[in-house]
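Colleague: Residues per chain are reported as follows:
There are 2 protein chains.
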Amino acid sequence: MPVKNDTITCVPGVRVGQHTNNEDVTGCTAVILPPEGARCVVDVRGGAPGTRETALLSEGSAARVHAILLGGGSAFGLAAADGVMRWLAERGAGLSTAAGVVPIVPAAIIYDLATGNSVAPTPEMGYAAAEAASVAPVACGSVGAGAGATVGKLHGRAFAMKGGIGSTSTVVRLGAGEFTVGVIVVVNAVGDAWDVQRNVIVAGARDQHGWLHGRSNLVHDRNARPQPGTNTTIGVIATDAPIARHCLIRMVIGGHDGLARAIRPAHTAADGDTLFALTTAPDERPMETIDVLRIATATEHVMETAIVRAVQAAETRGGLPAARDLPPYL
Amino acid sequence: MPVKNDTITCVPGVRVGQHTNNEDVTGCTAVILPPEGARCVVDVRGGAPGTRETALLSEGSAARVHAILLGGGSAFGLAAADGVMRWLAERGAGLSTAAGVVPIVPAAIIYDLATGNSVAPTPEMGYAAAEAASVAPVACGSVGAGAGATVGKLHGRAFAMKGGIGSTSTVVRLGAGEFTVGVIVVVNAVGDAWDVQRNVIVAGARDQHGWLHGRSNLVHDRNARPQPGTNTTIGVIATDAPIARHCLIRMVIGGHDGLARAIRPAHTAADGDTLFALTTAPDERPMETIDVLRIATATEHVMETAIVRAVQAAETRGGLPAARDLPPYL
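Taken in order, these protein sequences are the chains called A and C. Each step along the first sequence adds one to the number in this note's numbering, with nothing skipped, and position 173 is 173. Just so we're on the same page, this note's numbering is the position in the second sequence counted from 1, plus 330.
No lab work stands behind these hints: they were computed from the structure. These figures come from a predicted structure and were not determined experimentally. A hint or two may mislead.
What follows is a set of in silico ranges between Cβ atoms, one per label pair, in the way DEER data are often shown [said to hold, decoys possible]: (1) A:124 with C:537: 53 to 61 Å; (2) C:334 with A:118: 49 to 57 Å; (3) A:98 with C:616: 33 to 41 Å; (4) C:550 with A:35: 43 to 51 Å; (5) C:655 with A:223: 41 to 49 Å; (6) A:90 with C:528: 50 to 58 Å.
Among chain A residues calculated to face chain C with C-beta under 10 Å, some are [stated by the list, open to error]: (7) 96; (8) 135; (9) 137; (10) 139; (11) 219; (12) 242; (13) 245; (14) 284; (15) 286; (16) 290.
We treat Cβ as the ideally placed atom computed from N, Cα and C, and that holds for glycine.
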C-alpha cells in the first residue's frame, strides 16, 4: 500500500532528493523542478544570509529556476549547487543558450560546522542529492540539509537542541480549481521552535529545569549570548497554482509570517532566514483577492507545521538532544 | 502626580499629537521628531499600501525625517502630511536648502471611509495634530488615525469589530547604556487581533456564537470575502539608541514579526501593512550582535502589546462593536 504523502513532493512537478553525510553530520537537499523551470521569488529576512542566485530572483521578471539547493556547511556548502547544476545539465535541463543549457539553481545554506566534523557538502554530494530525487514523501529530521541543524541557541550551544528538516503540504481550493501548497524548511534558528496551535515551545534553549524561554528573557537576561552568523532558517515554498509574481510574493511573505510565529525570535541579526517561493505552473491566470489570501494563509499554516515537524523528527547528534529524547516539560 | 507614561512619547525626542474628527469618524496622528531629523527606514509588507516618501527611505542613506503622519481617509488622507510640513516649516524644521527648509514627512494611511461619513483628514487636520504634539502619554483607541479603524474583516464588515490606535514602550539595557523603544500602531487589519501571551483573539471576525477564527477558516471557508484595498496596519517604531541603519532594519523586521504574531493573517494582499523605524540619536555607535537582538526583540514585544492596547482601548463607532463592549468569548 502506498504511503500517504503530505510533504512538498505532493506538489506536481516537485521532486526532492537528499544526501546525508552521517559521519560528519552534514548534508544537502535538492528540490528538483520541471526541465522548463519554475517561476520563483526569494525573500531574505535574516541579517546574515548565505545564498546563491538571489539577485536574479529579486528582479521583476520572475525568473525560472530548475532546482533549489538547501545545504549545510555554511558558505562552503554553496558549492553543492555546482553538483546539482551538473546533474541538470547532463539531462538538458536549464536555460537554453547557444552554448548549451545553463541550469539556474538558487541555494541557501545553514551553519552546521560545529555540530559534526566541520565538513561542508561538496558538489558530489549535491549531485548525489539530485540523483536521489523522487516524488516519495520527504524524510524529515536529521537528514539532508537538516543533518547538522541546531535550534535554541540564544544561550549558547550548551543549552541548545537538535534542529532538522521538515516538510508538509496542504490542498487549497481556489476559484480556478484545487491546488497544492508544500513547504520544505531547515530549522537551524537561534530562537526557539514553537507549536503555534498549542502555544508551547517544542525545541529550544533549555536547562535541567525546563525551557529558558529565550525570547521573553532575551531583553534583560545577561546570560543570553548567541553566536552571530551561525544560525538560520531556510526553505522552499512550492505550489502548482497558476499564480502571478505578486501572488508568489504574498506566499513568501506568508511563509515568513508562519516562520515568525513558529520561531521566536526569528529574522534576527544572527540568522540568515531566507525563503524561496515558486510555482510549477507554466503560466499564470488572474486571481481574485480572496484566493490570494487563501493561498498565502495556507502557506503560513504549512510553514508552521513543517517547522514543528523538523524538530520533532530530529535525532540527537553531536551532543545536542532532540525533542523526542527529552522529558516533556509541559 | 504625573501620569506614568509607557507610550512612544517616552522616547526622548518624540512628541505625538492627534486630531480626531468625531462627527465623521476619522482623524490623524503626527509623530513629531527633533528639528535636525531622525534617521528612519521603512518596511512595506502589505500588498495594498498608501504612503508618502517611502522611496526616500528605501535608499541606503538612512534619510532623516522630521515627522511621520499616520492618518485615516485612504489615499485622500495623505494630504494631511501637507499640514504637518507647513507646521514644521513655520518653525524652521526641515532639510536646509537655499530656498528655505523642506520638512521630510513620510506618511501612511488606513481606509476608514466606510466607518463614518467618507471624509478624509485634511492639511488643516494634519496641522492641528502637529500643533497638539506633546510628550504626554499617547491617547489610545478610537482617536487620531485610529478613530475610524476596524479589524476582523475576513468575513465582511457585518462580522467586523472596531480597531484603533495603540502605543507602548519599554526600556532596553544595552552595552552602551539604557535606551527606550516605543511603538505607535493603527490597527485596521483584515485579520484578527491576538493577545500573543495568552494566545487568544482579543478582537476579530465574530458572530453571536463567538469568534469565526478567520485565519484558521480562511483556506476552506466559502463565506470569507474580504474587501481588497480597505485594510491595513501602520505604525512607527522609535528609539533613542545610537544605532546604525542595519539595526533599524532589524527593528522594523522585529516590528513586522510582532505584527505577524498579533494579527492573523497579517501582510495580506488586502492589507497595506507599513512600518517605519527611526532613531532620535544624532549619531550611531558600533553595537554587539547580542544588543541588536535585544533591541529587535524588545520591538517585537512592544508591537504585540501596542496592537492589543489599540483594540482594547477602542470604542464602539459606526455600528462596529469594540472589544470592551462585547461579552467575553473565552
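Colleague: Would you mind marking each hint as holding or not holding in the structure?
Modeller: Verification of the hints:
Between residue 124 (chain A) and residue 537 (chain C), the C-beta spacing of about 59 Å keeps the proposed range 53 to 61 Å intact. Between residue 334 (chain C) and residue 118 (chain A) the CB atoms are about 52 Å apart, so this pair conforms to the stated range of 49 to 57 Å. Between residue 98 (chain A) and residue 616 (chain C) the Cβ separation comes to about 50 Å, which falls outside the hinted range of 33 to 41 Å. The given range of 43 to 51 Å is broken by residue 550 (chain C) and residue 35 (chain A), whose C-beta atoms sit roughly 34 Å from each other.
A hinted range of 41 to 49 Å for the beta carbons of residue 655 (chain C) and residue 223 (chain A) is consistent with their spacing of about 44 Å. At about 56 Å, the CB distance of residue 90 (chain A) to residue 528 (chain C) agrees with the hint of 50 to 58 Å. Annotation: residue 96 (chain A) was flagged as interfacial toward chain C, and the flag is violated, the nearest CB pair being 34 Å apart, outside 10 Å. Interface restraint check: residue 135 (chain A) against chain C, minimum CB-CB distance 24 Å, threshold 10 Å, status violated.
The closest approach between the C-beta of residue 137 (chain A) and any C-beta of chain C is roughly 22 Å, which is over the 10 Å cut-off, so the hint fails. Of the supplied interface hints, the one on residue 139 (chain A) is violated, with its beta-carbon coming no nearer than about 26 Å to a beta-carbon of chain C, more than 10 Å. Given the 10 Å rule on beta carbons, the hint for residue 219 (chain A) holds: about 5 Å separates it from the nearest Cβ of chain C. At its closest, the beta carbon of residue 242 (chain A) sits 16 Å from a beta carbon of chain C; the interface hint therefore is violated under the 10 Å criterion.
The restraint placing residue 245 (chain A) at the interface with chain C is violated, with a minimum CB-CB distance near 12 Å, outside the 10 Å limit. The interface hint given for residue 284 (chain A) is broken, as the beta carbon of that residue sits about 15 Å from the closest beta carbon of chain C, more than 10 Å. The beta carbon of residue 286 (chain A) comes no nearer than 13 Å to any beta carbon in chain C, farther than 10 Å, and the hint placing it at the interface is violated. Hint status for residue 290 (chain A) relative to chain C: holds, with the closest Cβ pair at about 6 Å, below 10 Å.
Violation of the numbered hints given earlier is confined to hints 3, 4, 7, 8, 9, 10, 12, 13, 14, 15; the remaining hints are satisfied by the structure.
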